[in-house]
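Heads up: the protein sequence lines correspond to chains A and B, in order.
Take 1 as the starting number for the first sequence in this note's numbering and just add one per residue.
Take 1 as the starting number for the second sequence in this note's numbering and just add one per residue.
Take these hints with a grain of salt, some might be off.
What the hints assert, rightly or not - To spell it out: a stretch of chain A is covered by chain B in this simulated footprint if at least three of its residues, at any positions, have a beta carbon under 8 Å from a beta carbon of chain B; those stretches are:
hint : region
1    : 36-42
2    : 108-122
3    : 162-170
Stated by the list, open to error - Residues of chain A clear of chain B, computed beta-carbon distances all greater than 10 Å:
hint : residue
4    : 58
5    : 59
6    : 62
7    : 63
8    : 91
9    : 92
10   : 97
11   : 133
12   : 138
13   : 139
14   : 156
15   : 179
Since the hints were made in silico from the structure, they are not lab data.
Note that the Cβ used here is the ideal one computed from N, Cα and C, for glycine as well.
What follows is the residue order along each chain.
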Amino acid sequence: MGMMFYWLAVESSVAELSESAEAHGFGINTDIFEANLINLAIVISVVVYFGKGFLGKILSERRAAIEADIKESEARKQAAIEAQKAEEQKLAQAEAEAERILAQAQASASSVTEQILAQAVAEIQRLEESASQDTSSSQERAIAELRQRVVELSLKKVEQELQSQLANNEDAQRQLIDRSIALLGGPS
Amino acid sequence: MHFGSLLLNSFELQHLLPSAKLEVGHHLYWQLGGLHLHGQVFITSWIVIGLLLIASFAATRNVQRIPSGIQNLMEYALEFVRDLTKNQIGEKEYRPWVPFVGTLFLFIFVANWSGALVPWKLLRLPEGELAAPTNDINTTVALALLVSLAYFYAGFKKKGLGYFAKYVQPTPVLLPIAILEDFTKPLSLSFRLFGNILADELVVGVLVLLVPLFVPLPVMLLGLFTSAIQALVFATLAAAYIHEALEGHGEEGEAH
């Protein structure tokens with residue numbers, strides 16, 4: 001229906017206006033009323049006036065909000081950087097502390113090691129000494145024992161020999177006595 | 001006195017030579033192969049597109065951290081469009097559709113307002129007259145068909161051939177209506193926009209024809225309002241159709 005009316009209206013207006021001779025080709029229309037210029041100027045100024053106020057307010061608010069947001073986030077960033085710095089400092093401190101403790105521990109460990117080593121060496125020496133002492137004394141003892149035994153055995157053997165040779169031999173006894181007397185420097 | 005004489009003057013002028021006239025149905029035809037193009041629509045469309053391009057370039061040429069001037073304005077427009085899309089399509093899938101919906105909104109909005117604010121009639125064409133591109137049915141049909149393509153694309157991309165399941169989703173009885181919807185959507189989209197803009201320009205034109213001064217002002221201001229609303233409606237509906245294609249009836253039923 002609407003379209004029908006529209007086409008009818010178009011037809012009628014076309015019929016009405018078609019007889020008006022119009023200039024063909026592109027051109028500038030200088031008729032202010034036909035171009036609706038005054039009304040458009042008013043409308044545009046109204047739009048600009050109110051729109052500027054309205055839109056300007058919205059835009060400046062938006063800008064202010066963004067500015068505040070950026071400022072806030074920058075402040076947060078700054079705070080975060082500072083916190084990071086502080087933490088890094090703490091970390092460095094802790095690392096230094098750890099290093100110090102480590103060095104200390106190493107030093108004490110090495111000193112303890114040395115001490116223990118020295119002790120061990122001393123102990124070994126002492127043990128060696130006592131061992132060698134032991135061995136030498138037991139050797140001497142063994143040697144002394146052997147000597148004594150050898151002496152004893154040889155004495156016993158000599159006694160036996162003597163007895164066996166002298167006891168049943170008057171001649172030998174006499175000879176021996178003579179020789180002994182001669183040895184003593186008597187008249188031979 | 002002055003005003004009265006002006007009015008009288010124009011009245012006489014109208015009778016003598018009908019200066020203020022409505023040129024609906026006349027077009028500046030361009031021949032392209034076998035096609036008859038409405039030249040005046042192209043001219044104003046290009047101007048609108050050029051305006052948008054210039055605004056975009058100007059806004060992004062020297063991007064500041066704290067936006068000011070045109071950057072601030074365009075960022076505000078982008079935010080508006082993004083919120084519109086997000087409200088319609090939903091947080092999860094809205095992002096790829098912001099450019100499409102935003103382009104629709106900005107183009108239609110600037111086109112409508114150009115029709116309502118720019119004194120196109122200062123420029124005389126061989127035939128027809130310059131006006132908002134959206135007061136030609138071809139423009140709005142093209143836009144509406146783009147929306148149709150967009151929501152079909154969205155549906156097929158999301159669900160593949162399973163998209164057709166939505167036609168019989170609540171009950172197969174509604175299949176004819178579901179199919180019909182695909183035709184009524186672009187139809188209503190295009191005719192709503194075209195009708196509103198053309199009607200507004202016609203009303204203004206008729207009033208200017210009758211009373212050239214001041215009387216058309218309220219209608220012109222109302223026209224500005226309607227134009228903005230129509231751009232919003234078109235973009236919102238486009239986003240809503242895309243959302244519908246993405247969601248489908250079944251999921252919607254579950255969500256409720």
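### Task
Please name the hints from earlier in the document that this structure breaks, with their numbers sorted from lowest to highest.
2, 3, 4, 5, 6, 7
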